[in-house]
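Asker: Starting from the known structure of chain Y, arrange chain Z on it as the hints suggest.
Each chain, letter by letter, is given below.
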Amino acid sequence: MSMRVELDEPKCVASGQCVMAAPEVFDQRDEDGIAILLEERPGEELLDGVRDAVAVCPAVAIRLVEQ
Amino acid sequence: MSRTPAEAGRAPRRVVVVGASAAGLAAAETLRREGYDGTLTLVGDEARAPYDRPPLSKRLLSGEWEPDRLALRAPADLDALGLDLRLGTAATALDVPDRTVRLADGSAVPYDGLVVATGVRPRRLPGDERAHVLRTLDDALALRDRIRPGCRLLVVGAGFLGAEAAAVARQAGCEVTVLEPAAVPLAHAVGERVGRVLSEAHREHGVDLRTGVAVREVTAGGVRTADGEHIAGDEVLVAAGSLPNTEWLAGSGLTVRDGLVCDAYCAAAPDVYAAGDVARWDHPLFGTSVRIEHRTNAAEQGMAAARNLLRPEARRPFAPVPYFWSDQYDVKVQAYGWLRGHEEVAVVEGDLSARRFVALYRSGGHVTGVLAAGMPPRAIRSWRQAVATRATWQETVENTTAAAT
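Heads up: the sequence lines are chains Y and Z, in that order.
Residue 54 in full-length UniProt numbering sits at position 54 of the first sequence, and the numbers go up by one each step.
Residue 138 in full-length UniProt numbering sits at position 138 of the second sequence, and the numbers go up by one each step.
Looking at chain Y on its own, in the form it has when it is part of the complex (with noise of 0.2 Å):
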């Protein structure tokens, strides 16, 4: 079983906290902030990072799902 990664871009309002909670999975478009995924299927050692990144995003536009 590995996690995935679910980005919903729409939803995504730049504030930049994903890429503080876990800066090896999010980064941010230079233009206009919005989050960009860089590892959709991060590894064990990131996931409490991206659960951070879940939880303090003030948009919800980040999901970890089970595969």
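Read the hints as simulated data drawn from the structure, not as lab findings.
These figures come from a predicted structure and were not determined experimentally.
Where a beta carbon is used, it is the ideal one built from N, C-alpha and C, also for glycine.
Take these hints with a grain of salt, some might be off.
[Claimed, not checked] Here are the simulated distance ranges between beta carbons:
no.	chain 1	residue 1	chain 2	residue 2	range
1	Z	Thr288	Y	Ile36	34 to 40 Å
2	Z	Leu352	Y	Asp27	28 to 34 Å
3	Z	Ser353	Y	Val65	44 to 50 Å
4	Y	Ile36	Z	Ala74	20 to 26 Å
5	Y	Ile36	Z	Arg148	33 to 39 Å
6	Z	Thr288	Y	Leu47	32 to 38 Å
7	Y	Asp27	Z	Ala80	26 to 32 Å
8	Y	Leu47	Z	Arg316	19 to 25 Å
Answerer: Only chain Z this time, still in chain Y's reference frame:
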């Protein structure tokens, strides 16, 4: 006196979270994530499943989004938490010695760990039962139903909520008048210069912004000001700030002072924590007690309170760098830190008059806040570091000036 489960080193088995919005849900989710497998009761006064509030004055109000987009969690994710979910039921009283929360349906829920996340409600005005407020999804849907071209909308209060709603209504073709008691909208929050720049955007978009106007009451056909003037309107939105929902804590022995008063660990009493808009706590970074009504803080504080509740022996002070954003017309405003009560503002990038700038805020000798408007959103993140590390004002602003020359 008997020791609490936490003091005795025993893990809690019955946790109650009162408040089922962003902070309460984050607390519940974190408890499960951290391995808590006991009874977890989530109490909410609204009947709806937990939903997100910031879009209420933005994309939900404009009609771009429908309510289903606001769900804080997918139903399956919510189910997976294994909650004892009590929605549509307000908490009415807290008995701390007896460790019981009383609910409006007459039931009493025992706890050995409690998170208070009851949020805030709109401040009311006399006569405003005929006016709109904007806190719940139902509030937003009721207002959205009335927003149409030609409708004369009076917005009482030019804070972020009022400003966002005014922008949406204006873009939908309403004739919008905003009434604000202060001379400069948002001055207490972002300073006079920045407040003036942001309010100019409203005037440019055809909003009739009247400052120095205090509203005394809502009438059948508009509002009456403190000076006795009557201003006519078809709809009135009261956006005059909020009050923390702490009445149900009366008689609990907990300290309430514009919010539930907590220590630096978000604890109001042994095994009683608070999170979100309702919580006032000693912020280690700013050396003052703060209560923060920001969406991001609700989630972060819910997480922090849950962790400290579960592991008091490894508890950590809650010292976040607050963050908020606001969308007004085509300008996105973002800020980090504690801007209130600041003593000085310096524009370090861009140009105020062009509405593209980064401004730093000083309290004492330190950088305590940064606000950006119309800038690429990641531009502000490097300045956030100055707030997070309590950088000295002198070095930060001097270095900036040196770099710019």
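Asker: For each hint, tell me whether it holds in the structure or not.
Answerer: Against the structure, the hints come out as follows:
1. Taking 34 to 40 Å as the suggested C-beta distance range, the pair Thr288 (chain Z) and Ile36 (chain Y) conforms, at roughly 37 Å.
2. Range check, Leu352 (chain Z) to Asp27 (chain Y): about 29 Å between beta-carbon atoms, so the 28 to 34 Å window is met.
3. Roughly 47 Å separates the CB atoms of Ser353 (chain Z) and Val65 (chain Y), a value that falls within the hinted 44 to 50 Å.
4. Checked against the given bound of 20 to 26 Å, the beta carbons of Ile36 (chain Y) and Ala74 (chain Z), roughly 23 Å apart, stay inside it.
5. Distance hint for Ile36 (chain Y) and Arg148 (chain Z): a CB-CB separation of about 38 Å, consistent with the stated range 33 to 39 Å.
6. Evaluation of the 32 to 38 Å hint for Thr288 (chain Z) and Leu47 (chain Y) yields a pass: the beta carbon distance comes to about 36 Å.
7. Between Asp27 (chain Y) and Ala80 (chain Z) the Cβ separation comes to about 29 Å, which falls inside the hinted range of 26 to 32 Å.
8. Checked against the hint of 19 to 25 Å, the pair Leu47 (chain Y) and Arg316 (chain Z) passes, with Cβ atoms roughly 21 Å apart.
Of the numbered hints listed earlier, not one is contradicted by the structure.
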